[in-house]
Amino acid sequence: MTERAPTSVPRAAIPANPWVRAARHFARQRVAVAGLAVLLLAIVTSGAAPWLSPHDPNLIDVANPDAPPSFVHALGTDELGRDIVSRLLWGGRNTLLITLGAVAIAFVSGSALGIAGGYYGGLSDTVIMRVMDVLLAIPGFLLAVAVIAALGVGMTNVIIAIGVNSIPPFARIARGATLLAREEVYVQAAQALGAGERTIMARHIFPNILSPLVVQSTLRLATAILTASGLSFLGLGVQPPTAEWGAMLSVGREYITSSPHLVIIPGMAILVVTLAFNVVGDTVRDALDPREL
Amino acid sequence: MLRHIGGRVLWAIPVLLGVSLIVFGILKAIPGDAAQVMAGSDATAADIQAIRQLLGLDQPVYVQYAQWLERLATLDLGRSAVTRRPVTYEIATRVRPTAELAAAAMGLAVAVGLAAGVTAATHQHSSWDGAMALATALGVSVPIFWLGLMLMMLFSVSLRWLPSTGAGTPAQLILPALTLGAASAATVARQTRSAMLDILKQDYLRTARAKGVAGWTLVMRHAFRNAVIPIITVVGLQLGYLLAGTVLTETVFARPGLGRLVVDAIRTRDIAVVQATVMLLSVTFIAVNLVVDLLYAYLDPRIRFD
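Chains A and B, in that order, are what the protein sequence lines are.
Going letter by letter, the first sequence gives residues 1 to 293 in our numbering.
Going letter by letter, the second sequence gives residues 1001 to 1306 in our numbering.
Hints in this document: simulated from the structure, not taken from any laboratory.
These figures come from a predicted structure and were not determined experimentally.
All C-beta atoms in this analysis are idealised placements derived from N, C-alpha and C, irrespective of residue type, glycine included.
Among the hints, a few may not be true.
Restraint ranges, calculated between C-beta atoms of paired labels, are given here [unchecked claim]:
#1 B:P1301 with A:V20: 42 to 50 Å
#2 A:M268 with B:G1025: 37 to 45 Å
#3 B:A1111 with A:A34: 48 to 56 Å
#4 B:L1002 with A:P240: 52 to 60 Å
#5 A:P241 with B:S1158: 24 to 32 Å
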């Protein structure tokens, strides 16, 4: 009985760890792998902007505005003679910093609120979830605009505005998953062993409800980058002369007829990165959805 | 049924109060106050104090909130600190361009989204389905302000077919509506496709096919009617996206609507105008989702009698 007829899928090929399973599913999707490669490239190049960028992004060269691509300026210069490649790299750094920072804030606070609400139930749950309902009742981008109105413009405030704006979906998902997890045997076992409430929430519930939160994070990054660049485009986000993709586009807009590349290039950058976030997010969702496997 | 409607309508009241509290609270946090903006830069401290008293800004915050709510209920929203005209006037003159834009974008999103979604679902794995997947991925990823500028460059600057700015004529509505509606059309198409695919797998669809129902009747009468609930949900939520998106679209196309009004008012710290506009857009969104909720019960008896 030690030998069994080989089946089409050998048992050893399906790992027990759901994360490994998801990673394998992900690796099989070529579009998603390409999306991930684009994201890594964007993160690495903009992270390394101080070393990679050929010029100072804010160095004005009035003698050389709107220059076409050349060996010195691979993508030409902008209306003030600043090197576009350098501004794109530094701009990506700021855009991605805002995006990742905002989603990190939403992930941490939304998960904490949702888990606490779901675990404790009762009044705290009601209060938390009703506040989330109210936040969701204000159209998303408008809420970010209103928060900026209160806090003022600038990079930190944009991160906070988009972070606040993104909390409700995390809180809802975490709460729903916690309500189910609370009834599980491992939680009851931890309670019986005398684990504290915080330990149960942080060490037992959180790791077990992580996958829907990860899915939400990756999809939320796409919304966050569009909101961030939109705020800067309106002049409510990152302020000139700081390079940021939305802000670059906003300035380039005034030269749209004479130098359309000032609008086209940063817009393409936002589009490509957002598309990559969406493709990766969709695939992560499919990969972590147990029904699909 | 009546209980269901009653419950939903009652539920909107605390949400509205909550929204008003947030809008009031956020804008209360703005550094500097309306009195200062109104008085101008060369005003004396006594002038500012007088205006503060006139506006009730010297009262405790909760009193100010209660007074604001009371005025909100009677649509007495005060005056713009910048133009000195009543806020209701400022808003009333801006509602039309925004309403037209949001309605046109929504119409476009629903028409294109439904048609594309149903076709993709009934032709799953075809090249049409693949093209749709690509188009919707681009649609939800493109920054709307950039799409607007690109369309403007193509149709206004190069081809000179359509006007790039302003509001009032149908021609001036086309580019903004395309810009604003694109992402929603993509979202509606995706939701329609997946809802239809779910339904097309159901046993009763197999039964219908076995009975000899086919083509348009099968797709529309048997499948689509059952897929309509998740689709309507997405459409209702998209309205929030569209209303907020008018802020960007109206900025790109210099359309004198509510979205443009909010941005200008934030720049000039015209707090009364910001409060009133954000409130109006949120109330519209809540009202539409309330209607959507009620529509579920009308369309699906399972919800009505639950």
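Against the structure, the hints come out as follows:
1. B:P1301 with A:V20: 42 to 50 Å: Holds, at about 45 Å.
2. A:M268 with B:G1025: 37 to 45 Å: With Cβ atoms ~39 Å apart, the hint holds.
3. B:A1111 with A:A34: 48 to 56 Å: Given range 48 to 56 Å: violated, Cβ gap about 32 Å.
4. B:L1002 with A:P240: 52 to 60 Å: Given about 57 Å between the Cβ atoms, the range holds.
5. A:P241 with B:S1158: 24 to 32 Å: holds, 30 Å
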